[in-house]
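Residue numbers (my numbering), protein chains in the order written: chain A, 2 to 255; chain B, 1167 to 1430.
FYI, nobody ran anything at the bench for these hints, they're computed from the structure.
There may be inaccurate statements among the hints.
Unchecked claim - Computed list of chain A residues with no C-beta within reach of chain B, every gap over 12 Å:
| hint | residue |
| --- | --- |
| 1 | Ser32 |
| 2 | Trp117 |
| 3 | Leu155 |
| 4 | Thr188 |
| 5 | Val200 |
| 6 | Val241 |
Unchecked claim - Here are some of the chain B residues that sit facing chain A, going by a computed Cβ distance under 7 Å:
| hint | residue |
| --- | --- |
| 7 | Lys1257 |
| 8 | Trp1258 |
| 9 | Leu1271 |
| 10 | Ala1272 |
| 11 | Pro1383 |
Think of the CB as a built atom: it goes at the ideal place given N, C-alpha and C, for glycine as much as any other residue.
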Amino acid sequence: MKTKALALQYWPTVVLFVSLLAIWQLTVTYSGIRAYLLPSPMSVIEAFWEPDVPWAQHIWTTTWEIIGAFFLAAAVGVLLGVAIAWSPLIANALVPFLVFLNTLPKVAVAPLFLVWMGYGIFPNMLMGALIGFFPVVINTAVGLSQVEADMLDLGRVFNAPKWKIFMKIRIPNALPYILSSLKITATAAVVGAIVGEFVASQSGLGYVITTTQSSMNTSLAFAALIWISAVGLVLYGLVVLVARLWAPWAEGLD
Amino acid sequence: MTEQLIDLSGVGMIYEAASGPVEALAGISLKVGTGEFVSLVGPSGCGKSTLLRIVAGLRPATSGTVTVAGRQVARPIADIGMVFQQPILLKWRSILQNVLLPAELAGKDPSALKNRAHQLLDMAGLNGFAAKLPRELSGGMQQRAALCRALLLDPPLLLMDEPFGALDAMTRDDMAIELLRIWGETSAARKTILFVTHSIPEAVFLSDRVVVMSARPGRIAADFKVDLPRPRTIECRASEAFGRLSLDIFKELSHRASATTVAA
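Here chain B stands alone, though its shape is the one from the complex (with noise of 0.2 Å):
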């Protein structure tokens, strides 16, 4: 893990709002390894989301360099798969028409991916829904289904923004468990992942490393290691190192949040 696949330097963002210029990010440096699952946890508003679209190259950086893949970033880099808090699938394809909208959109010749398509599809455990609409599968299998879309050009990097935050808590750990399985944690091939997320516990259970972002203008406050084994049970949620790990999190970010409350 020495290869750095994101490379932030001083990153900084300043748009335009009504009431004039709001700083968003400032002077955010992070470097994320290949292979390596960074989840970025934060209060609302302190630019996590944004931070997702500018390594994906959809928003510009007003300051600082941005480098993935050994290159600069200006504008989208194809290299990627995104998931978003909502599963945005077509309404009016069926689930393999969607998996396969990237392949399309690339000006790639969808026929040819329709294998890896139905194999994402089985891995994800969708096999039997190909044909359905998505209507049809619960917000869980929809937000499978969007994964699936996301990794079939096989991206060396995956942008997850929120990805499971419209689901209920129950489905919601399931899907944990089964990213990580689909991630393939133990395997010398895995995907980087850069992951925005609200909950700790499910930001310590995924990652090798948890990133605190401060309230706007979101600056990196707290860089945690994960020491934990993988592959990750259900089980080391309960020790002790899972639960002192979240508590210190969480203590940054409640610290963080009273700072910026007093400072107001």
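In isolation and in its complexed conformation, chain A is listed as follows (with noise of 0.2 Å):
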């Protein structure tokens, strides 16, 4: 029964998907366009097999440095958004820098990263986290405010200390907007790692497309890209999966 709603809500899809890829292959076949300009579908499945790229290396790279990215971005997102909620004089400090950093490009800032750190995983984690980590504040600081005047009251009536009240009621409440903005930040993760990829590595699948760019490998390029969203489709997933698992009483909220 479920397996038969299941096919009977995704079968448009499949049958867009499908014809999609047909569409492509013929285009590909029958207009004699360019390999380098648009590779047909059999040939980016070719790709994948592709002996002389080390395709495990280069995912293996590229999952690290978004797992990095968005792990950094979390801690660091939620520190600083229970920092803001705590005090208001860290607040005063702390948002109108934040806000200048979101507003500044945070792609242009990697090249300073390569001059500061050189090559290497790290540099291209923390482009990740920088791009990921200001959804992370804001929900955290207004999950934790969200917070109903009377159940405040009620905290008060009993003396409980500051501490307590996030514990047990600040925190908790958050949390649903805290997993809702790691959902972005997933995305992000995966934008973050490939754009340092792009500006300096020596691996990683955006390492992979800059290379294709000069040998004309385009099979390669799509090979890559498909890699890349399949990295992040899993890394989102398992956000959903958690969120779902650890506030089962926030379905619904996004």
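Taking the hints as your guide, dock the two standalone chains into a single complex.
What follows is the structure, encoded as structure tokens:
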């Protein structure tokens, strides 16, 4: 019954996807378009097994950068959000600075990272974290402060200390907000890691794409793109799953 | 009922709004005896809820003295149970964990109070719902869980701010009867209750006294004694005495309301 419902819901997606692939293959076969402009789906599939490309190593590099960026953004974002919600003094000091940082086109900072830190996984992690941490800060701070005034009065009636109100009421209340922002961070971490690799790298899926520019091996670029979105999708799916398990009461919040 | 649990004397409250100072309460003097059920009724914005919070020590009065159980109130007093218009249960906690929350906030061991929490839930007809999340319960059941939470630490004083205001009319009448039953209206150990409501019949049905407040600044306009026998039943709402008293209170309120309209 459930499989039937799923089939009913997703058959248009499958039909569209297969049709697009067929149109793509037919276009390439019969229009005589050059392979470096648009490779055929078949040649993209072949590129996955290209023996000259150490795929496992590239996927590994990029995945690590994305995971590192994600956790760095999550940790820093939550800490800053808590600090902002904890004290108005900290909020006044931090918020304008954070807003400025957020208006900065972070991609433009990537060359500076190269100057400061050289090549490697870490600067690319940092780029992903820089792009992805801001929504976490905002959602954490908002989630911590969106508590009913009556609920806080209840805490005050029992002379509960501030940290206790935080631990028992504010933080659980903020959890759905934080988890929802982490979905944005999951995709931002992917963007940051790839941008970092574009600017400076010797390995990774973004690096594969930059090398195809000179080799004109466009099918390799397509294969790398598919890998990137696969890694991104898995991370996003994991965040959604964790959110559902960790904050089941918040279903339907976003 | 000679002992006074609450003693308000000349209580006034002025707060700063954007347009300047607003006088919310003026010259409130009110005594509530131990075990007494007193309702506050009055037009919206007359400061009934503010008065309740002043008694709880959550808001400071700007003038006058507030004494509860012989002690002057300057900051929140722990010996009270509060019930608000919304149940405000924590969405992520089971009903039992919600009822135990005051113990945790007050720094007491919640596991020692588990039995009492279960007893309260039984009394409120919520046995079998202890492990459920709040969203799995109806509005009336959630409000009963909130009442259990307020009673957990066995406070001598209950402050209730329009606790049934968000419920539908049928549930509301049921809850009034439930409240009287849980309160133990004929027992000697019954708690003192200060109850804010918009509903005159609800106030008359529940209370020993109904205190009518005037529009802003809130003052005490009248103090009606309710001489209906306890335990109160649904039939007593049909009695002549009930109707007459409700009408008197209604007249007092509407007279005040029209007087303010003329003055304005």
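| Hints violated by the structure (listed by number, smallest first) | 3 and 11
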